[in-house]
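Whatever position you read off the sequence shown (first residue = 1), add 700 for this note's numbering.
These are computed hints drawn from the structure, not numbers from a lab. Owing to the predicted nature of the structure, the values given are computational and were not obtained by experimental measurement. Hints may be right or wrong, so weigh each one.
Said to hold, decoys possible - Here are the simulated lysine to any residue pairs, SDA-like style, with alpha carbons at most 20 Å apart: (1) 943 x 911; (2) 734 x 766; (3) 816 x 794; (4) 835 x 911; (5) 876 x 832; (6) 940 x 915; (7) 859 x 911; (8) 823 x 858; (9) 859 x 874; (10) 859 x 806; (11) 919 x 873; (12) 876 x 915; (13) 816 x 834; (14) 919 x 859; (15) 725 x 701; (16) 856 x 818.
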Amino acid sequence: MATPDNKSLIVASSVGNELLFLDPKTAQVQRRVKGISDPYQIGFSPDQKWFVANALRLDRVDIYRYDGQDMTLAKRVPLAKLPSHMAFNQNSSTVFVTQQGSDEVSAIDLTTQSVKWTMKVGKLPAGIVMTPDEKYLLVGIMGADYIEVIDWRTQKIVKRITTGEGAHNFRAMGDKRHVFVSNRVSNTINIVDMQTLENVGTIPVPGGPDCMELTDDGKTLWATLRWIKKVAVIDVASRKVSKLIPVGRSPHGVYFFNHAPRQ
Numbered sequence: 701m702a703t704p705d706n707k708s709l710i711v712a713s714s715v716g717n718e719l720l721f722l723d724p725k726t727a728q729v730q731r732r733v734k735g736i737s738d739p740y741q742i743g744f745s746p747d748q749k750w751f752v753a754n755a756l757r758l759d760r761v762d763i764y765r766y767d768g769q770d771m772t773l774a775k776r777v778p779l780a781k782l783p784s785h786m787a788f789n790q791n792s793s794t795v796f797v798t799q800q801g802s803d804e805v806s807a808i809d810l811t812t813q814s815v816k817w818t819m820k821v822g823k824l825p826a827g828i829v830m831t832p833d834e835k836y837l838l839v840g841i842m843g844a845d846y847i848e849v850i851d852w853r854t855q856k857i858v859k860r861i862t863t864g865e866g867a868h869n870f871r872a873m874g875d876k877r878h879v880f881v882s883n884r885v886s887n888t889i890n891i892v893d894m895q896t897l898e899n900v901g902t903i904p905v906p907g908g909p910d911c912m913e914l915t916d917d918g919k920t921l922w923a924t925l926r927w928i929k930k931v932a933v934i935d936v937a938s939r940k941v942s943k944l945i946p947v948g949r950s951p952h953g954v955y956f957f958n959h960a961p962r963q
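Please model the complete structure; the sequences and the hints are all you need to start from.
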């Protein structure tokens, strides 16, 4: 992911317990930040004051204060089992974290660095995203074939949207209405309408589609294919894969410097 000023691309190393900062235009190493324990998933709050790292194998969430350059540890927040993906609300008061090992979602208050609530969800929750109107959280239920729609203010599941087996991660289309959902087991990517809460399209994609990125014109979606060492290039209009690019083993994140909006 990029820093809020887009001057650096951060690559997180769970094995090395560090963050590698790269120039997003030249790929040159800018600096290394060591001592970031098991940064499985990372994120900046919308107000850019907080940096959060989910330490999956350590069963905790590490919250850092961020001043635009340096990260200072505020608190390590223990959770039940395997904290995975995260999403923030727009006023940066709360980070929501899925826990794959305990089938839960937790809300953490960033100001106090304390758990506000925890609720049960489906098996192996993974990706999580806030709808643009902030009414709901969408959670990919990797142990099933659907995403759950959560009213996070009441901590209630209001709907299940069937997508495909292994519902995993999200990438917004940039129109503040639709979102892509990758399904790693069924080998599909779905398009979900975040206003009507309906599945409105399916794109067949081989090899376990995982993380996604969208070109700035919104016309081309790239997806890492976790099981076949490739990246898929997808034409959004025709909903077809136009190209497969060989890469290294178990590709995960993908990033464009010029990309479509994140909502």
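Here's how the hints hold up against the structure:
| no. | hint | in the structure |
| --- | --- | --- |
| 1 | 943 x 911 | 16 Å, holds |
| 2 | 734 x 766 | 15 Å, holds |
| 3 | 816 x 794 | 9 Å, holds |
| 4 | 835 x 911 | 24 Å, violated |
| 5 | 876 x 832 | 6 Å, holds |
| 6 | 940 x 915 | 16 Å, holds |
| 7 | 859 x 911 | 24 Å, violated |
| 8 | 823 x 858 | 17 Å, holds |
| 9 | 859 x 874 | 23 Å, violated |
| 10 | 859 x 806 | 18 Å, holds |
| 11 | 919 x 873 | 10 Å, holds |
| 12 | 876 x 915 | 16 Å, holds |
| 13 | 816 x 834 | 18 Å, holds |
| 14 | 919 x 859 | 29 Å, violated |
| 15 | 725 x 701 | 14 Å, holds |
| 16 | 856 x 818 | 11 Å, holds |
Violated hints for the displayed structure, listed by number in ascending order: 4, 7, 9, 14.
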